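Fit chain B to the known structure of chain A by using the hints.
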Amino acid sequence: MSSATTNEILPRHADLVEERLVRWYFYAALAYLAISMTGGILMALQLIHWNPLNGIEWLSAGRWRMIHTNAVAYGFIANAFLGVLHWSVPRLTLQRVLSQKLSYFIFIAWQAVVLCTAAGIIFGPTLQAQDWVASLTDQLHLPMGLGAQGVEWGETPFWIDPVALLGLALVAANFLTPIARSKGSMYVTLWYFMAAFIWTFLTYAMGNFLPEYSLTGTSAGAVGGLFIHDLVGLFVTPLGWGTMYYIVPIILEKPIWSQGLSLVGFWGLAFFYPLQGIHHFLYTPIPMFLQYGAIISTIAVEFVVATVIINFMGTLWGDGRKVVTNLPVRWFYTGMIFYFITCFQCALQVTLTFQKLIHFTDWVVGHAHLVMFGVFSMWIFGMMTYLFPILLNKPWYSRRLCEWHFWLSAAGVFIMFLDLGLAGVFQGYYWSSLQPWDVSVTGSQPFWITRMFAGLMIAGGFLCFLWNLLRTARGRSTDSPTAVSAPA
Amino acid sequence: MNDADQSSPKTPQKRTATSGRLKPAVLVVMSVLILVPSMVGFIMKFLEFIRTFQDSTDGAFAITPMLNYLLASLGFFSLLVWAAANGMFRDIEQPKHQMLANDARLNAERAASLR
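Protein sequences, first through last, are from chains A and B. Using the numbering used here, the letters of the first sequence map in sequence onto residues 1 to 488. Using the numbering used here, the letters of the second sequence map in sequence onto residues 1 to 115.
Chain A with its partners taken away, still in its complex shape (with noise of 0.2 Å):
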């Protein structure tokens, strides 16, 4: 955190921020969670039968799901959180980001990763499957095919990792100066910022290239399991965590509860969360000492993230009603509600018993789902309901529509969890009392009715804010700092 006295003179915000290029990673970001929410719908469809797409090669279902997932990563939440880092960074450190030309060859270069990804998915395998291409592979000794990869997120064809790598090393370069040129002690959203930079960097490393050319076996799915747990953790997490500590307390109007315990949560996190990707990998032959080590982490992040649920709650304290009026803080709040019980559910998962219940069954997909939508997503929403009016310098063209959007997903998101959590627990018992395969994918099929029409209700508040976004767009601007700057 730059330090300036009253009496010192700041930067202008104009010199600080280039807005234009916050509006364009928001927008590729709301064009991927198109993409990614028309892949789960059509997933959704596949599973109770009414694929529209089927005997489609290109647009297979496992096609579809890779891309579903793949563009909410780093589709939908990279190029999001890019836009709120470059809005964020140089207000907080008072400096610019390196180079502003930089940030322009990233956001096309990121684009460039995300939709050859995308290529590689639905078209990879059709290209694998050509006698030339098999031949290409064989003449040029290369170490895999063309398309995806069988990494779980790490599907990103074997040709886009180093670029991409690349990509995380200019970003972290661009943002890493103004944060080391800042003067005096840092707030703690730039310790957070700071440690996703270079955690996201290993992650990606050790996901894409590790399971891939050096390690085989259980060595590889270890590995695969800290990386698809790690990205989660090690690159949505920091990235989340301190935008909230950055757009929170100035939405509220006073400062964070307590500096010193978010510091706590933050080294806290720096030091048990990457031990405790293996708890995923709960009853395979890794040793069992690496598998209690992954449980005994776990417990101490549900610690962690008792800090922070803590001083967002003592932040808050006096204000409750702002979760009702003001619906930026609603979204934050609500998703640190849907963080507490992901993380709740972490507890049950690691203990022994329940992992061997719900392993493998929709509990799981469930939990994802609250995570990265009912959590992270309701936070970006948050973050876009508050800046979109001042970015556009017009206010919400409506509320309602804006409130829509947060019940749709709100509600959507939650019935989600719920219809997957039990789920889960049915497909389990179906399961472990031996049952044909088929009896649990026939007692399912409720569950994953129901489960479409939760996505439709998510798809549903996005359309309305959409909707709301292009009538915002295209409405009249202000000159009204006040409206502005209180969207919602």
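Some hints here could point you the wrong way.
[What the hints assert, rightly or not] Straight-line C-alpha distance at most 30 Å; calculated DSSO-like pairs for lysine-lysine:
#1 A:254 - A:322
#2 A:356 - A:254
#3 A:254 - A:183
#4 A:254 - B:23
#5 A:183 - B:23
#6 B:23 - A:101
[As the list claims (entries may be wrong)] Negatives, chain A to chain B, calculated, CB over 10 Å:
#7 14
#8 16
#9 254
#10 341
#11 457
Keep in mind the hints are simulated off the structure, nothing from the lab. All values reported here derive from a predicted model rather than from experimental measurement. Where is the CB? At the ideal position from N, CA and C, for every residue including glycine.
Relative to the frame of chain A, chain B by itself:
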């Protein structure tokens, strides 16, 4: 869109005093709750890892995730030491006030430039 937020800013001194007493207590309790058991657990598991690595083949394929963890943690431990040595935690609550003040001034400057 008009903000419907009608809540008036109220910070009663009584609440502030209670919060002032509560905050250090929560900080100490949470620090002890997190750091002590986690450190004990970590050290025990690390010793167990060294024993396993020396005595059996199990450790051979467990070493990759452990090394990943240790390398990343070493970096962050160095950062923690560097931050403490450079006084980052000396006036620990100051940055949160500075951040709000700076943001308010930037907002005011931006609003003025729009007029």
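Against the structure, the hints come out as follows:
1. A:254 - A:322: holds, 13 Å
2. A:356 - A:254: Roughly 46 Å between the alpha carbons, so the hint for residue 356 (chain A) and residue 254 (chain A) is violated.
3. A:254 - A:183: holds, 22 Å
4. A:254 - B:23: holds, 16 Å
5. A:183 - B:23: Judged against 30 Å, a Cα distance of about 27 Å means the pair holds.
6. B:23 - A:101: violated, 44 Å
7. 14: Residue 14 (chain A) is in fact no farther than 10 Å from some Cβ atom of chain B, at 7 Å.
8. 16: violated, 8 Å
9. 254: violated, 8 Å
10. 341: holds, 20 Å
11. 457: Residue 457 (chain A) clear of chain B: closest Cβ-Cβ about 23 Å, beyond 10 Å.
Comparing the model with each numbered hint stated earlier shows that hints 2, 6, 7, 8 and 9 do not hold.
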